[in-house]
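Given only the sequences and the hints, what does the whole structure look like? Please build it.
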Amino acid sequence: MHSFFKLPRPVHIPLESSSPFLPKLYKVPAGPVGGLSPNADPQEYLYHLVHSTALCDRCMERIQGAWYRCAYCAKDLCGECASLDTHDETHIFVVFKAPVDMVHFRQFANLENPNDSPPIIKFPVYC
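Residue numbers (the numbering used here): 29 to 155.
Calculated from the structure, these hints are not laboratory results.
Check before you lean on any hint, since a few could be wrong.
[Stated by the list, open to error] Using C-beta positions, here's what the derived DEER-type ranges look like:
| no. | residue 1 | residue 2 | range |
| --- | --- | --- | --- |
| 1 | Asn143 | Gly62 | 39 to 49 Å |
| 2 | Asp144 | His30 | 31 to 41 Å |
| 3 | Ser80 | Ser46 | 29 to 39 Å |
| 4 | Thr118 | Ser45 | 12 to 22 Å |
| 5 | Pro152 | Ser46 | 10 to 20 Å |
| 6 | Asn143 | Glu72 | 16 to 26 Å |
| 7 | Pro70 | Ser111 | 28 to 38 Å |
| 8 | Asp69 | Ser46 | 28 to 38 Å |
| 9 | Leu43 | Asp144 | 36 to 46 Å |
| 10 | Asp69 | Arg37 | 37 to 47 Å |
| 11 | His132 | Cys155 | 27 to 37 Å |
| 12 | Pro70 | Leu35 | 10 to 20 Å |
[What the hints assert, rightly or not] The list that follows gives simulated cross-link-like pairs (lysine to any residue, SDA-like), each with its CA atoms no further than 20 Å apart:
| no. | residue 1 | residue 2 |
| --- | --- | --- |
| 13 | Lys125 | Glu140 |
| 14 | Lys150 | Lys55 |
| 15 | Lys34 | Gly93 |
| 16 | Lys150 | His76 |
| 17 | Lys52 | Asp113 |
| 18 | Lys52 | Gln135 |
| 19 | Lys103 | Cys87 |
| 20 | Lys150 | Asn138 |
| 21 | Lys103 | Ser46 |
| 22 | Lys125 | Ala137 |
| 23 | Lys55 | Phe133 |
| 24 | Lys52 | Ser80 |
| 25 | Lys55 | Cys87 |
| 26 | Lys150 | Pro42 |
| 27 | Lys52 | Lys150 |
| 28 | Lys52 | Glu117 |
| 29 | Lys150 | His115 |
| 30 | Lys52 | Ala99 |
| 31 | Lys34 | Gln135 |
| 32 | Lys150 | Glu108 |
| 33 | Lys103 | Ser47 |
| 34 | Lys52 | Ser145 |
| 35 | Lys103 | Phe49 |
| 36 | Lys150 | Ser46 |
| 37 | Lys150 | Ser80 |
| 38 | Lys150 | His30 |
| 39 | Lys34 | Glu140 |
| 40 | Lys52 | His115 |
All C-beta atoms in this analysis are idealised placements derived from N, C-alpha and C, irrespective of residue type, glycine included.
Here it is as structure tokens:
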């Protein structure tokens with residue numbers, strides 16, 4: 029199971045690590061259940077995905093579909109706001125496309141004190 033990074037442009041420093049950037053966070057693999065039919069929209073399953081405990085920091089609504097989490101700070105965005113928001117141009121987002129195990133995520137992200145949440149990527153990818 030993998031998570032995805034949203035890279036708006038080519039990076040200056042490659043994303044390389046000898047260990048995973050994230051622990052295993054998905055409850056089930058990303059993608060449509062049972063595979064994809066030949067004529068189906070590969071993103072269609074996201075219309076039914078609701079992250080029940082994740083709120084968008086821009087519109088303050090529960091996140092439905094792809095969940096964008098900044099890899100450097102504790103900013104969460106829904107898909108619509110991720111396309112509109114002007115966040116720090118040196119930051120990139122992790123995109124969660126499946127239900128997230130919030131027990132593991134809380135331990136990893138320090139949700140009780142978001143300002144002390146460790147960055148997912150420990151180095152800049154843009155200069």
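- Hint numbers not upheld by this structure, sorted from lowest to highest: Result: hints 2, 6, 7, 9, 10, 13, 14, 16, 17, 21, 25, 28, 31, 32, 33, 37, 39 and 40 break, sorted rising.
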